[in-house]
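Starting from the known structure of chain A, arrange chain B on it as the hints suggest.
Spelled out, the chains give:
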Amino acid sequence: LSTVNKVSNVFEDVEFCVMTGMGKYSKSYLESRIAECGGSVVQNPGPETYCVIVGAENVRVKNIIASNKYDVVRAEWLLQCFQTKMLVPWQPAFMIHMSPDTKEHFAREYDCYGDSYTADTDVAQLKEVFSRMEDSKLVPLDVIAELEERYSWNSCQLSIFRGNTIYVDCYTVVNEPRTKIHGTTLSIRALELRFYGAKVVSHLEEGVSHVIVGEDHSRVKEIKALRRTFGKKFKIVSELWVKQSVEEGVPKDENQYLV
Amino acid sequence: MEKTLNRIHPVSHPEETYFLQVSWEKDLGTGFGIILSDGQCAWTGKVSEAEISREAADMEMNREKYVEELKKALIAGEESAGRYNFAISRDEENMECHFSYERNLKDGSFRLGSLKLQKVSSPAEVIKELIGYCLDCLGRLQAKNEHLQKENERLFSDWSDVEKRLEKCVEAKEELEADLYNRFILVLNEKKAKIRNLQKLLNEAKESAADA
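As you go down the protein sequences, you meet chains A and B in turn. With the first sequence counted from 1, adding 19 to any position gets you my numbering. With the second sequence counted from 1, adding 172 to any position gets you my numbering.
Next comes chain A alone, as it looks inside the complex:
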């Protein structure tokens, strides 16, 4: 490495240990670029080593991680330093492993998902934070409805029916999902309701806010009889309510569509 042309002093007096390269950036390429920027390179990390650079993970990398002594950083960070000709601050996304000291420092700056406590985020960063989170459980619809209400997102065009629990009269026998009538516009209405935020249920039970009926009114009598036994009354509306609400992008007044 005696023949390097120094192009900057970004890494002046900084010692690196490059363990593996990545893709078209080989280990030796990364090492020579470090030297060009004034840094030094060792083959095994020691007390003076700033950090271990890793492109692809292997057994040696795993051992280094297990020792819990060094900061293990993705090669992407190095590439960003080369590109910007600056010592780019570490961010959670770059860290494969952190030494206890670094971990403590990060805990002050970032939450456990790597989102900064103080710096504003943007779409790309938030995406990155989300992508590093473990596959998460799904939030139930009523929690979403609450959240949207708290942050006034409930006027969103995709939340026309949010907070409503709806039974669609598309079964020949009420409350018998096995008797579903296929190929009717009611099944499309049911999908539209779900798309625009409603909770669509296959059983007409206490807690349902609306029942949607189509042209066939043969079960309305039975549904009304059932309603008399309920403490909380639901509204029976024609499918036109769904259609026109979706067309206009706002929930229309149900009372105009009562059956």
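Please keep in mind that the hints were generated in silico from the structure rather than gathered at the bench. Among these hints, one or two may not hold up.
[Unchecked claim] Taking lysine-lysine and the PhoX-like style, the derived pairs with C-alpha atoms no more than 25 Å apart in a straight line are:
1. B:K345 / A:K271
2. A:K262 / B:K364
3. A:K25 / A:K43
4. A:K156 / B:K364
[Unchecked claim] In silico negatives: residues of chain B with every beta carbon more than 10 Å from chain A:
5. K243
6. R275
7. G280
Even for Gly, the Cβ is constructed at its ideal location relative to N, Cα and C.
Below, chain B without anything else, positioned relative to chain A:
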């Protein structure tokens, strides 16, 4: 040339069945031809445009309205059965046949038109033609029926395919939304935990300042 073939029963002998074929060009109002047969004999006649106009005038009826009535009486078939009467009277030798059609009213009826039909010399030919016409119609209807049925099946399968796809889209949207909200909540709660922690530190600092 358009044609229709209907079954009619004369008012005088309701048990007898006659076959009435009406043929016309474009519109009934421009004149039409009539073939009447009882299955053995056949008679034929024509009504010209001028005669239609004259009949309408005699009845002091709007010509268009009169033509509408004619259509209902002569070509509508089953739908207007019972609302129109047909009178058929034949002479001894079956040489001439008098045919008239009238609109049935609550109290009596009024005559829409009448004409003398001439006996056809070879009724077998006429009847053959009538049966031929029926078979042609049947064939056409069958082909159309098959075509429509296929079309219907195709539409139905397209519909259910699109419905399934739409359902997938809806499911994906619901899942994406629930997943993003979950991640959002986790990150948001981390920030709130930090704020709580800072509040705690602030209170502690205040307390120790007060103590000092």
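Here is what the structure says about each hint:
no., hint, in the structure
1, B:K345 / A:K271, "holds, 23 Å"
2, A:K262 / B:K364, "violated, 41 Å"
3, A:K25 / A:K43, "holds, 22 Å"
4, A:K156 / B:K364, "holds, 20 Å"
5, K243, "holds, 32 Å"
6, R275, "holds, 37 Å"
7, G280, "holds, 43 Å"
The structure fails hint 2 only (numbered hints given earlier).
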